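Those protein sequence lines, which keep their order, are chains A and B. Here the numbering used here is used: the first residue of the first sequence is 1, the next is one more, and so on. Here the numbering used here is used: the first residue of the second sequence is 114, the next is one more, and so on.
Mixed in with the good hints, there may be bad ones.
[As the list claims (entries may be wrong)] One-sided excerpt, in silico: chain A residues whose CB lies under 7 Å from chain B: (1) Gly-43; (2) Leu-44; (3) Phe-103; (4) Ala-105; (5) Gly-106.
[As the list claims (entries may be wrong)] Far from chain B, by Cβ distances over 10 Å, these chain A residues were calculated: (6) Gln-42; (7) Asn-61; (8) Ser-70.
By construction, these hints were calculated from the structure, which means they are not laboratory data. Please read all numbers here as calculations on a predicted model, not as lab measurements. In this text, a Cβ means the ideal position worked out from N, Cα and C, and glycines have one as well.
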Amino acid sequence: AQSVTQLDSQVPVFEEAPVELRCNYSSSVSVYLFWYVQYPNQGLQLLLKYLSGSTLVKGINGFEAEFNKSQTSFHLRKPSVHISDTAEYFCAVSDRDDYKLSFGAGTTVTVRA
Amino acid sequence: SAVISQKPSRDICQRGTSLTIQCQVDSQVTMMFWYRQQPGQSLTLIATANQGSEATYESGFVIDKFPISRPNLTFSTLTVSNMSPEDSSIYLCSVEGNEQFFGPGTRLTVL
Chain A
1 AQSVTQLDSQ VPVFEEAPVE LRCNYSSSVS VYLFWYVQYP NQGLQLLLKY
51 LSGSTLVKGI NGFEAEFNKS QTSFHLRKPS VHISDTAEYF CAVSDRDDYK
101 LSFGAGTTVT VRA
Chain B
114 SAVISQKPSR DICQRGTSLT IQCQVDSQVT MMFWYRQQPG QSLTLIATAN
164 QGSEATYESG FVIDKFPISR PNLTFSTLTV SNMSPEDSSI YLCSVEGNEQ
214 FFGPGTRLTV L
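Throw the hints in and build the complete structure from the sequences for me.
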């Protein structure tokens, strides 16, 4: 079984500033890692995923994440945020065999002008 | 990429009644998943629905409360039975695969 910890429940940030959302996971097996975004009153959208290969993963909307196996982390970053990035962000992990997702508690990002 | 649709998109129900949520995928998939997102919370897996076999439920979820059907490789239903206000949530389906796409969700309010 896996567990996911998102270390920041809320992250306020000014427009055009960088943002980092921290995610740590625990698992006894190899996993896939995901970041999802949920805009207010909308569904879940995949930002990026790590399956294998390069540990730096680039996603949509200028986001990227780095997989660190030794630290069991998968932190999400964006060098310059926009007002439109205001949303809830979820880190998730799945076993490579069964595709069941375990989600973190979520991080609320609020971008201010 | 899979395109997933759900019906209804939202509903308001009275306690004690049941609601069946439909999930349709535009391609054939072996595994479909049902998740619940309670207000202000993260997502929790309810069950895995495999075509041709009984659904597999996660700890804390039981078939009597959340019966699932999986009649073919593109369709599944989740029923929320004997509803109470605590069942007010967004219910989402997703499908197997490295992309882990989600449907738009069904927003359920129980009065």
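Hints and how they fare:
Look at Gly-43(A): its Cβ gets to within about 4 Å of chain B, closer than 7 Å, so that hint holds up. Contact between Leu-44(A) and chain B, as hinted, is supported at the beta carbon level, the nearest pair being about 4 Å apart and thus within 7 Å. With its C-beta approaching chain B no nearer than about 5 Å, Phe-103(A) sits inside the 7 Å limit, and its interface hint holds. Taking 7 Å as the C-beta cut-off, the interface hint given for Ala-105(A) holds, the closest approach to chain B being about 5 Å.
Hint status for Gly-106(A): holds, given a least beta-carbon distance of 5 Å to chain B, under 7 Å. Taking the minimum C-beta to C-beta distance to chain B, about 8 Å, the non-interface status of Gln-42(A) is violated against the 10 Å cut. With a least beta-carbon separation of about 17 Å from chain B, Asn-61(A) lies farther than 10 Å from that chain, consistent with its non-interface assignment. The claim that Ser-70(A) lies off the interface holds: its Cβ sits roughly 24 Å from the closest Cβ of chain B, which is beyond the 10 Å cut-off.
Hint 6 alone, counting from the list given before, is not met by this structure.
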